[in-house]
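**Student:** The residues making up each chain are set out below.
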Amino acid sequence: MPGTIETYFDKLERTRVWRSIFRSGRGTSKLHNALAIQQNVFLHLFPTKVRKRMLGLEATWYLGTLTLGTFIVLVVTGILLMLYYHPSVPRAYSDVKDLQFVVSSGLFLRNLHRWSAHAMVFLAFAHMFRVFYRGAYRTPREFNWVVGVVLLLVTLLLSYTGYLLPWDQLAFWAITVGTNISSAVPLIGDKIRFLLLGGHLVNANALLRFYVLHCVILPLTAVLFLAVHFWRIRKDGGLYVRETEPGVTGADKQLSNQEQGSR
Amino acid sequence: MTPPKDYSAEVNSNMRVSQRRVLFVTRRTSPQVKVYDEEKVQTSPEVLIRALLAVECLIIALVLMSLFFNAPLEGVANPTNTPNPAKAPWYFLGLQEILHYFPPVVAGVLIPGLLVTALIIIPYFDINIEADGLFLKNRKRRMMLSMIVAGSFSLFFLFFKVYVALVPTVIMTALVLLAAFSSPLSSSRFRRYLALRPIFWWIMTWFLFELIVLTAVGTFFRGPGWSWVWPWRS
Ligand code: HEM
Chain A
3 MPGTIETYFD
13 KLERTRVWRS
23 IFRSGRGTSK
33 LHNALAIQQN
43 VFLHLFPTKV
53 RKRMLGLEAT
63 WYLGTLTLGT
73 FIVLVVTGIL
83 LMLYYHPSVP
93 RAYSDVKDLQ
103 FVVSSGLFLR
113 NLHRWSAHAM
123 VFLAFAHMFR
133 VFYRGAYRTP
143 REFNWVVGVV
153 LLLVTLLLSY
163 TGYLLPWDQL
173 AFWAITVGTN
183 ISSAVPLIGD
193 KIRFLLLGGH
203 LVNANALLRF
213 YVLHCVILPL
223 TAVLFLAVHF
233 WRIRKDGGLY
243 VRETEPGVTG
253 ADKQLSNQEQ
263 GSR
Chain B
1431 MTPPKDYSAE
1441 VNSNMRVSQR
1451 RVLFVTRRTS
1461 PQVKVYDEEK
1471 VQTSPEVLIR
1481 ALLAVECLII
1491 ALVLMSLFFN
1501 APLEGVANPT
1511 NTPNPAKAPW
1521 YFLGLQEILH
1531 YFPPVVAGVL
1541 IPGLLVTALI
1551 IIPYFDINIE
1561 ADGLFLKNRK
1571 RRMMLSMIVA
1581 GSFSLFFLFF
1591 KVYVALVPTV
1601 IMTALVLLAA
1611 FSSPLSSSRF
1621 RRYLALRPIF
1631 WWIMTWFLFE
1641 LIVLTAVGTF
1651 FRGPGWSWVW
1661 PWRS
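Chains as they are written, first to last, in my numbering: chain A, 3 to 265; chain B, 1431 to 1664.
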């Protein structure tokens, strides 16, 4: 029998090793599909079933999903960029120049990371407003909204700390303007600024601190809160449904009733 | 004399002893009340496939953008050469615009702090959980209150010459007024819509409007010394 990819894959799925890793087993039955979610450490953050009407574009506009998408793109391209980048002065700048002109596809890599970062900030804001206008922040989802606010702040900080890393004029002065604001905090302002920059000026120490924040601390924080965010969606009873739950009902029911009436 | 009760209230969780159960489903704290059977689909594969498709479209868009537009890279950082204007990334330009009018403690610390606090406490506000239109009840009183609030903000912006923030406020005030004089049975779809908007809708939409206008002004309309420039005349 000629081996097609399918038959090879079939065989692979039957092996003892495969079965030991993916316990849900083979098959497309409801049980198998449910197990595929439940028995996977990452996917089990999500519910095994979702209300059908939440699949359409009109409910969430898929904005949360897309925000997650940009985050994944950023992690992948970010790791690749780290292979070429030294967080030191003036090496950082020449490394970025090399990425632009020497490294193959380096320019593309850097572009993708940069534009995805802008997209993530934009999408996180858009997702927040979408959640708000659907009324999806109300009980029992209050805490997930708060987790979301933390995610928004982490997203902003991720983008902002990354801004310094190319060590060009744009980077240097944007961070100078920003960190000067922190010294306006009453009493401890200058201390905060010193802590952020590792000195009184934006210099090599500041670059190193921003690098550690950007590549280690903030991404880990983001992953942590994302896990809580997704798990809470399941625990709060799946995505918010407008008609069946208390919340927006009053006004919107009235509106939709009238529209039906006027037809 | 009242007749003796033929029942007694008790709290008992032992199924064998007391078999009757009264369940109170309170309006607000019930995550999974089934009102009717809702059609559901399985996460694997239906939701996963759709999520992957959505992300794939996003990646295609980002890749295309990265092929055609290059990320900016200026000269090496030079602490002795201040560019004019020195701008923060776009998502902070709304704040930088405010920084132009108020001292840093206000624009850089107080206002962002208040905004974040406001965002966090949004879901803990229990006012008007039914989300009725703002002017459907107590119309006179609410109209007076909203005009006082809108008027104070407008005067405040006028006093500090923050015309950029004044314009969205005035437009929103006009819409609030229109809502107050619109009936939910109005023949115009737009006025029907406005009449049914609840209080928090008005607040958030005002915030969103200000955010967009301030960010756009900071991004496109500010030049050397934070002076006003027309983007098409440079
Ligand atoms: C890094 C940023 C974020 C990511 C990746 C993310 C991801 C998601 C995803 C995938 C969902 C599922 C449904 C959907 O697509 O809307 C969701 C739901 C939700 N998000 Fe986010 N989110 C982020 C930030 C935020 C922010 C800033 C807020 C609000 C302040 C927020 C509040 C919520 C709430 C309340 C839900 C539940 C909505 C419902 O039940 O319908 N999230 N999030």
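The hints are simulated quantities; they were obtained by calculation from the structure and are not laboratory data. Among the hints, erroneous ones may be present.
In silico contact screen, one side only, chain B against chain A (beta carbon under 8 Å); selected entries [claimed, not checked]:
#: 1; residue: I1489
#: 2; residue: V1493
#: 3; residue: M1574
Backbone N, C-alpha and C fix where the C-beta goes; we use that ideal spot for every residue, glycine too.
**Student:** All the hints need checking, so say for each whether the structure fits it.
**Tutor:** Evaluation of the provided hints:
| no. | hint | result |
| --- | --- | --- |
| 1 | I1489 | holds (6 Å) |
| 2 | V1493 | holds (7 Å) |
| 3 | M1574 | violated (22 Å) |
When held up to the earlier numbered hints, the structure conflicts with hint 3 and nothing else.
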